[in-house]
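Let the hints inform the model, and build the full structure from the sequences given.
Each protein sequence line maps, in turn, to chains A and B. If you want my numbering, it's the 1-based position in the first sequence plus 1. If you want my numbering, it's the 1-based position in the second sequence plus 48.
Some clues are possibly wrong.
[Unchecked claim] Subject to a maximum C-alpha distance of 30 Å in a straight line, what follows is the list of computed DSSO-like cross-link-like pairs (lysine-lysine):
| hint | chain 1 | residue 1 | chain 2 | residue 2 |
| --- | --- | --- | --- | --- |
| 1 | A | Lys-214 | A | Lys-144 |
| 2 | A | Lys-104 | B | Lys-94 |
| 3 | A | Lys-144 | B | Lys-157 |
| 4 | B | Lys-50 | B | Lys-108 |
| 5 | B | Lys-173 | A | Lys-104 |
| 6 | A | Lys-144 | B | Lys-50 |
Derived by calculation from the structure, the hints in this document are not laboratory data. These numbers were taken from a predicted model, which means no experiment stands behind them.
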Amino acid sequence: MYVIVVGGGQVGHSLARLLMAEKHEVLLVEKDPARYSKLSEEFGESVILGDGAELDTLMDMGVNRADVLVAVTGMDQDNLIICQMAKILYLIPRTIARVNDPKNEEIFQSLGVDATVSSTRIIGSLIEEKIDAGMFIPLLALKGGEVEIFQTQLSSDSPLIDKKISKLTLPQNCIIIAALRENQIIIPKGDTILKENDTIITLVGKNAKDTFKKLFL
Amino acid sequence: MKVVILGCSRVGALLATELFSKGDEVSVIDQNPSSLKRLGKEFGGKSILGIGIDEEALRKAGIDKADAFVAVTNDDNTNLMAAQLVREKFKIPKILLRVYDSKRAQAFKELDLNIVCPTVDTAQKMETFLSEKI
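Listed below in structure tokens is the structure:
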């Protein structure tokens, strides 16, 4: 895949490195000259100096060939506008934005950004989870928040444990997509039995969210 | 008319004082206290210290009941985000914003935003003047 990453801070830097290690074609865009020259030592021609919201920068990077654009600068307004420009002008199939202020997630999605990631919210939830098992950790929101992927750890009194998945009564529009048990990843089938302390990943539709959460209380 | 202005830039401050003197109800939001001083003593509207892409500041400025919203900070992306946020969340009949970058302005006109691009306007005026016979 050809992925454009806008913003060469710590998030952008490690994301670019990760994607390259997985053999994706990556182009990193950084507007600060000092940071750019540091990055170019590591990334060579895969990093360019420019403003991701300026048309010329986007043209230079062959943006219409990109499969995904990820905007991870420290400014929410920049991430939003960069993603919107990519959609309006270049019809990039998929845009992902980092959201620094979790309050902005909803508006980003209603304005056409395909997915948002709020590190603030995820870190907050992860810390909370250490305090309280059974917390619902949002990992990713898709299609304007219509569908969300959550992670949660099953406690000893969860109604989901020690039963075949096929026997569980889950609400409409939700599905358990994976269970993590120690170092094992289980892709569940009807006869899979969840156990206490399993971490499960679920895909939940907006309307099913509350009902689904209740299952864990 | 009740107007919320984001950005106490030269344009923002001038517009705010003009509207106020004509009897409109005006609130101005800026994140910089020294910019708000541009409003001067005659301005009797509200001035709010805050960020315009933050709903809280917008509510403090009375966006719920506003007839118009104007985004004139010096940052194009802030104006674009604020205008869209206001359009999406509050049903404001009139929304107007400034975008300096002509190409960005052009791109976002596709989303039916009322954009003033001073770069294009100024260049056009100058060109017209220059092309007139002396």
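Okay, the hints, checked on the actual structure:
no., hint, result
1, Lys-214(A) / Lys-144(A), "20 Å, holds"
2, Lys-104(A) / Lys-94(B), "25 Å, holds"
3, Lys-144(A) / Lys-157(B), "24 Å, holds"
4, Lys-50(B) / Lys-108(B), "13 Å, holds"
5, Lys-173(B) / Lys-104(A), "42 Å, violated"
6, Lys-144(A) / Lys-50(B), "35 Å, violated"
Against the hints set out earlier in the document, violations occur for numbers 5, 6.
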